[in-house]
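Number of protein chains: 2
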Amino acid sequence: MDYVSLSPGTLLSPVPAVLVSCADENGRPNALTVAWAGTVCSDPPMVSVSIRPGRYSHGLISSSGEFVINLCSEDMLADVDYCGVRSGRDGDKLSARGMECVSVEGMARAPGIAGAPMHLGCRVEKVLPLGSHDLFIARIVSLRVREDLVDKKGGIHLEKARLTAYSHGVYYALGKALGFFGFSVASPDVLRRRMKALK
Amino acid sequence: MDYVSLSPGTLLSPVPAVLVSCADENGRPNALTVAWAGTVCSDPPMVSVSIRPGRYSHGLISSSGEFVINLCSEDMLADVDYCGVRSGRDGDKLSARGMECVSVEGMARAPGIAGAPMHLGCRVEKVLPLGSHDLFIARIVSLRVREDLVDKKGGIHLEKARLTAYSHGVYYALGKALGFFGFSVASPDVLRRRMKALK
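As given, the protein sequences belong to chains A and B, one line each in that order. Quick note on the numbering used here: the first sequence kicks off at 1 and runs consecutively. Quick note on the numbering used here: the second sequence kicks off at 1 and runs consecutively.
Rather than coming from a laboratory, the hints here were simulated on the basis of the structure. In this text, all values refer to a predicted model and were calculated from it rather than measured experimentally. A virtual CB, placed ideally from N, CA and C, is assigned to each residue, including glycine. Worth double-checking, as some hints may not be accurate.
[What the hints assert, rightly or not] Using 20 angstroms as the maximum straight-line C-alpha spacing, the simulated DMTMM-like pairs for lysine to aspartate or glutamate come out as follows:
(1) B:Lys-153 x A:Asp-2
(2) A:Lys-199 x A:Glu-159
(3) A:Lys-126 x B:Asp-134
(4) B:Lys-160 x A:Asp-2
[Unchecked claim] Taking CB as the label site, the calculated pair distances span:
(5) A:Ser-5 x B:Lys-126: 36 to 46 angstroms
(6) A:Asp-92 x B:Asp-148: 40 to 50 angstroms
(7) B:Asp-189 x A:Asp-24: 34 to 44 angstroms
(8) B:Asp-2 x A:Glu-25: 45 to 55 angstroms
(9) B:His-157 x A:Lys-152: 27 to 37 angstroms
(10) A:Arg-194 x B:Arg-193: 34 to 44 angstroms
(11) A:Val-127 x B:Arg-193: 32 to 42 angstroms
(12) B:Glu-159 x A:Ala-197: 41 to 51 angstroms
(13) B:Val-185 x A:Glu-25: 52 to 62 angstroms
(14) B:Gly-98 x A:Arg-193: 19 to 29 angstroms
(15) A:Val-150 x B:Asp-189: 25 to 35 angstroms
Using the sequences plus the hints, can you model the full thing?
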């Protein structure tokens with residue numbers, strides 16, 4: 001298989017496109033879309049988000065030391081895109097899109113976006129300037145899942161959330177479930193049972 | 001919309017599940033699967049991968065200071081899963097799965113996995129111990145795309161790569177294209193033309 005060499009670029013994909021919400025010292029909320037986001041540690045649970053120093057939310061998060069990651073479903077996608085291309089410096093993006101805020105446990109001022117499938121309340125532990133972006137490394141201090149995504153036994157059904165992924169400038173729906181962690185070494189019985197459950 | 005509070009966990013999703021390949025001082029290659037991976041800076045282009053200190057590849061990457069990120073397509077998924085659940089300490093995972101290595105520009109020893117849609121050659125700049133995982137922050141020094149994914153004008157068609165995403169223990173195909181970056185503020189003409197191109 002032949003390859004074409006190109007200049008190094010940010011083509012790791014797919015990545016999540018999440019709404020990161022925060023607030024200023026008067027509690028005025030803002031949200032920006034971040035695709036340079038990910039989990040960085042399991043125990044303690046930690047995430048990172050990379051934000052350009054010039055972004056309005058960069059200042060809010062730097063001064064408050066907290067933010068909320070809102071996972072995004074297909075029905076939120078136009079709002080997500082809007083919060084990625086417009087700045088809170090030029091107006092209230094949330095009102096402009098009719099998005100509502102809800103308070104999130106463990107956060108002094110950063111709100112969650114009402115209706116998002118999940119809110120991850122995050123407290124900043126470290127900020128690393130890397131170049132165009134600063135890397136905010138944060139601990140997840142609270143986690144909240146929309147009620148309709150949790151079954152009676154407390155199981156989380158994220159597959160019902162219709163999450164979206166971002167790849168090379170395009171937002172995608174998550175498609176068919178292809179396998180579960182460990183499927184390549186599962187016994188035939190387990191494989192059959194669990195793959196059936198994924199359909 | 002009501003929410004259920006759960007204990008904080010690593011539920012940011014979807015995330016990529018990429019094969020990270022590296023090699024020991026004798027050039028013996030290994031690969032492990034990393035879902036705690038993401039882009040962290042655009043300029044210079046940088047990524048991060050989080051790896052448990054106990055993992056065999058942790059030592060290889062720490063001592064060589066380099067690794068290759070292989071984006072993963074659906075047809076590689078069983079190999080990807082296998083490299084996540086098995087250890088290079090117990091045997092040669094690549095041979096066990098019939099995976100072949102190719103050399104990657106800018107890398108002294110870390111190979112790429114033959115056939116992967118894309119190879120990102122990465123040089124480690126910083127390692128941050130966070131708890132269960134160490135965060136490797138690395139600069140992308142080379143980028144290579146499979147020839148069939150690049151058109152005659154040099155445009156990259158990652159949508160043909162059939163990439164996969166990982167969410168809460170399950171691997172998913174990327175589904176329908178839902179929009180492009182900026183679609184929420186695009187003019188009707190641009191919206192029509194570009195959405196049509198995404199079909």
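Evaluated hints:
Using a Cα cut-off of 20 angstroms, the hinted pair Lys-153 (chain B) and Asp-2 (chain A) holds, with the two alpha carbons roughly 17 angstroms apart. This hinted pair checks out: Lys-199 (chain A) and Glu-159 (chain A) have alpha carbons roughly 11 angstroms apart, not beyond 20 angstroms. For the hint linking Lys-126 (chain A) to Asp-134 (chain B), the alpha-carbon distance of about 14 angstroms falls within 20 angstroms, and the restraint holds. Between Lys-160 (chain B) and Asp-2 (chain A) the CA atoms are separated by roughly 16 angstroms; this keeps the pair inside 20 angstroms, and the hint holds.
A hinted range of 36 to 46 angstroms for the beta carbons of Ser-5 (chain A) and Lys-126 (chain B) is inconsistent with their spacing of about 26 angstroms. For Asp-92 (chain A) and Asp-148 (chain B), the Cβ-Cβ distance of about 46 angstroms falls inside the hinted range of 40 to 50 angstroms, so the restraint holds. Evaluation of the 34 to 44 angstroms hint for Asp-189 (chain B) and Asp-24 (chain A) yields a pass: the beta carbon distance comes to about 37 angstroms. Asp-2 (chain B) and Glu-25 (chain A) have their C-beta atoms about 29 angstroms apart, which leaves the hinted 45 to 55 angstroms range violated.
Look at His-157 (chain B) against Lys-152 (chain A): about 44 angstroms separates their beta carbons, and that is not inside 27 to 37 angstroms. For Arg-194 (chain A) and Arg-193 (chain B), the Cβ-Cβ distance of about 43 angstroms falls inside the hinted range of 34 to 44 angstroms, so the restraint holds. About 40 angstroms separates the C-beta atoms of Val-127 (chain A) and Arg-193 (chain B), a value consistent with the hinted range of 32 to 42 angstroms. Look at Glu-159 (chain B) against Ala-197 (chain A): about 29 angstroms separates their beta carbons, and that is not inside 41 to 51 angstroms.
Checked against the hint of 52 to 62 angstroms, the C-beta distance between Val-185 (chain B) and Glu-25 (chain A) comes to roughly 29 angstroms, which is inconsistent with it. Checking the proposed 19 to 29 angstroms range against Gly-98 (chain B) and Arg-193 (chain A) shows it holds: the Cβ atoms sit about 27 angstroms from each other. Val-150 (chain A) and Asp-189 (chain B) have their C-beta atoms about 43 angstroms apart, which leaves the hinted 25 to 35 angstroms range violated.
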